[in-house]
Amino acid sequence: MTAVTSMTREQKKELGRIKRRSWLISYAMILPAIVFLIAFVIYPTISMFIMSLYFGNAMNPYKRFQWFKNYSVRPDFWVALRNTAEYTGMALVLVMVLSILFAQWMYKSRKLNNVAQTVFFTPHLVAGVSAGFIWSWLMSSQPYGLFNTVFNALGLSSVRWLDDSSTAMFSIVLMNTWKSVGYYCLIIMSAMKSIPTEIYESARLDGSSSIKTFFKITIPMISPQLFFLLITITTGSFKVFDSVRIMTGGGPGDATRVLSMYIYDYAFERNNTLGYACAAGILMMLMMVAVTVFDFGFVEKKVHYQ
Amino acid sequence: MAEIVFEKVGKSFGSTKVIENLDLTIEDGKFTVLVGSSGCGKTTLLRMIAGIGPATSGRILMDGKDITHQPPEKRDIAMVFQNYAIYPTMSVRENIEFGLKNKKVPKEERDRRIAEYAEIVGMTPYLDRKPSDLSGGQRQRIALARAMVKKPSVFLMDEPLSNLDAKLRAAMRVELIELQRRLGTTFVYVTHDQIEAMSMADTIVLMEKGQIQQIGSPEEIYHEPANIFSAQFIGTPPMNVLDLDGGVRFGVRPESIRMSAERMDGMALYRRGHVITREMLGAELQYKVRLSDGKTLMVRSENDRDDVEESADVWVMAPARHLHFFDADGRHIGHGGPEDLLKKVGGINE
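Those protein sequence lines, which keep their order, are chains A and B.
The first sequence begins at 13 in my numbering and counts up one residue at a time.
The second sequence begins at -17 in my numbering and counts up one residue at a time.
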């Protein structure tokens, strides 16, 4: 005790020097991350907001300042928003349910499961654009469309996958589910593997049926990972773009025009509407923030952390 | 109430045979402890009774009824696991209630029983807490309440005290004994700890390499060990075993040995020894002694009996009734005799 209180001025100076040095080192270490964050997230967001207040195009964004005029949204914004919500809802349910089911099926170590895991995971490694192309061929209504060829061979009638406004959105969801389910499945599976076997044995001794064990024990115990999936799938689906652009281009009609397609159109395909695109981008960002805040505020209460 | 009988039971994992041709009867209403070192098959036996690791051959009977292939929930048993296997997402109440709900016990009956058993294990104030807020000892109590509330005919416990600290372990040991006396239920308890086995068991089943070495009361196991394994497993430090001629060996427990500078009369074993170490353990002293032929012995003595100094040269002696004789296969021949063997022990006659 006395050693600390009776520190000499020299010692105090030395201590201050050490403190300053470690302070400098720690900031130097996070500097790259901060620079990237400012350059690629904060600065673009601010400049997007400023652009959203102007009338202009990509060549000359700041033609005329017009306050919040761009924020009085057009009817087609609501269409895009509804499409996005539809896509997100379908993707969320489908990916969550399938990841859980596949994980439940594959988490036991069997030889078949190692193969199955690889098969499920591989699509995740395919580039989104390539996957979009492959699936638009598979789903094509032309004679080379594999799905319809198989359907016809089985005596089923053809489906107009991407060419029908009632099936187009679901077809895109299907493709993206195929692409991402292996990845999410892996996350769920590792969570399931971390549940001690004794808990399952105990549940068996307690006379719990396998359905009940699944809902009362497995699901609550993997809830942190399910919550992670909820957040990542929701925000990811909200931003869906490449597959829509490749597979339908927003059509047929406006059936698959999601928010990011809407933003892309107004930003680069039309003249002098960059402000609208930026305003929509800001609104989309605010909605994603709202959804995430809601998730953390309400849904997370149901999550069980160890 | 239930008696459990193993008939020619075997268990293999893949090509590894863990247990072969095992016969065992676990008596109704008794506290039976399966004890042995890790990998001896004791937990495997317990899991067979529970039905979560079925036997690969032979039969298991519970009150005469074949339960070999019966699913666990159909058996009238409850089990406490080493890591408690508490459901971490459920409150204490839900944990205790889970088995009853599955058995479709009516709500009032469930509440009554939960209140009763929560009181017995002293967890009433914690019923609405989550297990993660509780200590190891409290989780242990939840596991106990969860087992008891089902009112099973057989309690299975797999090293339930090994995750507790020494003080709590000693306290829980006493509580478990009391509990068994009060419920009068068959308890089957697995442990690697000989002290737990000795202090709690009505009957000890001592196992090694998938085989039963000895079945008996703690007194029988201590005083009449069936073989060298049994003699050396129970007791700290283990029994000293020395060679006689013709493969015959004899053993003497550290606590039966007397040491003194003077030669005492009326002993059967006499050796000269040199004290290598002396450990003061409180009520007792523990010595390591080297005999003139180079062999070392462990000696334990109350500290008001034979207190000798380190590096002292002493007489090492033991009376005849404390000498155990084993044949070439390690089987117990007898203690305190036979006469011809006893004579060979004698040692230095001066």
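Treat the hints as calculated values from the structure; they're not laboratory data.
Some hints here could point you the wrong way.
[Unchecked claim] Only pairs whose alpha carbons sit at most 30 angstroms apart, straight line, appear in this in silico BS3-like list of lysine-lysine:
1. K224(A) <-> K(-1)(B)
2. K83(B) <-> K314(A)
3. K205(A) <-> K47(B)
4. K56(B) <-> K224(A)
5. K224(A) <-> K83(B)
6. K149(B) <-> K228(A)
7. K(-1)(B) <-> K205(A)
8. K(-1)(B) <-> K313(A)
9. K120(A) <-> K112(B)
10. K120(A) <-> K149(B)
11. K228(A) <-> K133(B)
12. K224(A) <-> K149(B)
13. K112(B) <-> K313(A)
14. K205(A) <-> K89(B)
15. K89(B) <-> K228(A)
16. K120(A) <-> K(-1)(B)
17. K314(A) <-> K85(B)
18. K224(A) <-> K85(B)
19. K224(A) <-> K112(B)
20. K120(A) <-> K12(B)
21. K56(B) <-> K89(B)
22. K191(B) <-> K133(B)
23. K313(A) <-> K325(B)
24. K85(B) <-> K228(A)
25. K89(B) <-> K133(B)
26. K120(A) <-> K89(B)
27. K24(A) <-> K325(B)
28. K123(A) <-> K112(B)
29. K224(A) <-> K277(B)
30. K112(B) <-> K314(A)
31. K149(B) <-> K205(A)
32. K314(A) <-> K120(A)
33. K(-1)(B) <-> K314(A)
34. K314(A) <-> K326(B)
35. K228(A) <-> K12(B)
36. K112(B) <-> K228(A)
37. K205(A) <-> K325(B)
38. K112(B) <-> K47(B)
39. K228(A) <-> K86(B)
Tested hints:
1. K224(A) <-> K(-1)(B): 35 angstroms, violated
2. K83(B) <-> K314(A): 22 angstroms, holds
3. K205(A) <-> K47(B): 36 angstroms, violated
4. K56(B) <-> K224(A): 17 angstroms, holds
5. K224(A) <-> K83(B): The hint holds at about 11 angstroms.
6. K149(B) <-> K228(A): Measuring from Cα to Cα gives roughly 35 angstroms; hence the hint is violated.
7. K(-1)(B) <-> K205(A): At roughly 27 angstroms apart (the allowed maximum being 30 angstroms), K205(A) and K(-1)(B) satisfy the hint.
8. K(-1)(B) <-> K313(A): 48 angstroms, violated
9. K120(A) <-> K112(B): The given pair, whose Cα atoms are some 29 angstroms apart, holds under the 30 angstroms limit.
10. K120(A) <-> K149(B): Cα-Cα ~39 angstroms, so violated.
11. K228(A) <-> K133(B): Judged against 30 angstroms, a Cα distance of about 23 angstroms means the pair holds.
12. K224(A) <-> K149(B): 38 angstroms, violated
13. K112(B) <-> K313(A): 14 angstroms, holds
14. K205(A) <-> K89(B): Violated, at roughly 34 angstroms.
15. K89(B) <-> K228(A): This hinted pair holds, its Cα atoms lying about 19 angstroms apart.
16. K120(A) <-> K(-1)(B): The hint holds at about 23 angstroms.
17. K314(A) <-> K85(B): The given pair, whose Cα atoms are some 27 angstroms apart, holds under the 30 angstroms limit.
18. K224(A) <-> K85(B): 13 angstroms, holds
19. K224(A) <-> K112(B): 20 angstroms, holds
20. K120(A) <-> K12(B): 38 angstroms, violated
21. K56(B) <-> K89(B): 21 angstroms, holds
22. K191(B) <-> K133(B): Violated - the C-alpha atoms of K133(B) and K191(B) are around 33 angstroms apart, more than 30 angstroms.
23. K313(A) <-> K325(B): Violated - the C-alpha atoms of K325(B) and K313(A) are around 79 angstroms apart, more than 30 angstroms.
24. K85(B) <-> K228(A): 15 angstroms, holds
25. K89(B) <-> K133(B): 16 angstroms, holds
26. K120(A) <-> K89(B): 36 angstroms, violated
27. K24(A) <-> K325(B): Status violated; Cα separation ~81 angstroms.
28. K123(A) <-> K112(B): 38 angstroms, violated
29. K224(A) <-> K277(B): 63 angstroms, violated
30. K112(B) <-> K314(A): 13 angstroms, holds
31. K149(B) <-> K205(A): 34 angstroms, violated
32. K314(A) <-> K120(A): Status holds; Cα separation ~27 angstroms.
33. K(-1)(B) <-> K314(A): 46 angstroms, violated
34. K314(A) <-> K326(B): 76 angstroms, violated
35. K228(A) <-> K12(B): 35 angstroms, violated
36. K112(B) <-> K228(A): 15 angstroms, holds
37. K205(A) <-> K325(B): Between K205(A) and K325(B) the Cα gap is close to 64 angstroms, so the pair fails against 30 angstroms, i.e. violated.
38. K112(B) <-> K47(B): 39 angstroms, violated
39. K228(A) <-> K86(B): Holds. K228(A) to K86(B) sits at ~16 angstroms (cutoff 30 angstroms).
Against the hints set out earlier in the document, violations occur for numbers 1, 3, 6, 8, 10, 12, 14, 20, 22, 23, 26, 27, 28, 29, 31, 33, 34, 35, 37, 38.
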